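J.: Sequence:
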Amino acid sequence: MGWERVYNLVRTIPRGRVVTYGQVASALRLKGGARTAGRALAACPSGRGIPWHRVAGAGGRLLIREPQASLQRKLLESEGVFFLSPLRFDLTAHSFRIATAKKRSSKHRPRRH
DNA sequence: CATCTGACGACCG
DNA sequence: GCGGTCGCCAGAT
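Each residue of the first sequence is one higher than the one before, starting from 0 at the first, in numbering that gives the first Met the number 0.
No wet-lab data here; the hints were simulated from the structure. Given the structure is predicted, the values throughout are model-derived calculations rather than measurements. There are no misleading hints in this set.
FRET-style restraints, in silico, Cβ to Cβ:
{"id": "1", "residue 1": "67", "residue 2": "89", "range": "15 to 23 Å"}
{"id": "2", "residue 1": "13", "residue 2": "73", "range": "17 to 25 Å"}
{"id": "3", "residue 1": "13", "residue 2": "87", "range": "17 to 25 Å"}
Built from N, CA and C at the ideal position, the CB exists for glycine as well.
Can you make the complete structure from the sequences, with help from the hints?
T.: And the structure:
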C-alpha cells in the first residue's frame, strides 16, 4: 500500500512540533486507525527528508523501541521539545494541529461529510 | 491459507 | 501511574 499520503503529511509538520499517530490516521482517514499510521512510519524510507521523529504516541510518548527511541528523543530535543522523562515529552506544549484538508471553494460552502 | 507481529490507543482494575 | 485486554489490519513467515 502506498504510504506516500502519510509521508506527505508528515513532511508538513513544522520544526519543534509533534503530532500523534492517531492524528495522522484521523486526518487521512486511514483504515486501520493509529496503528496503521504506525506501520507507515515503521516503513518510512530514510534519507528522504521525512521528519518521522515528529510523530509520536498519544499523550506525548515515544513508542518506538531502542535504540531508535533515543535517536527520536535526540532529534526532538534538538528542535526544542522538552522531555519530562526519557520517553515522555510535553505534547501539549508542542502538539501541531493538522490542517483539516477540506478542499471546498468559499462559495456554496457544501457541508462536511 | 494460517499465524504472528507490531513505531496505536481507548478502557479498565 | 502501571500493566493487561481488545479491536484494528498490512506484511512477514
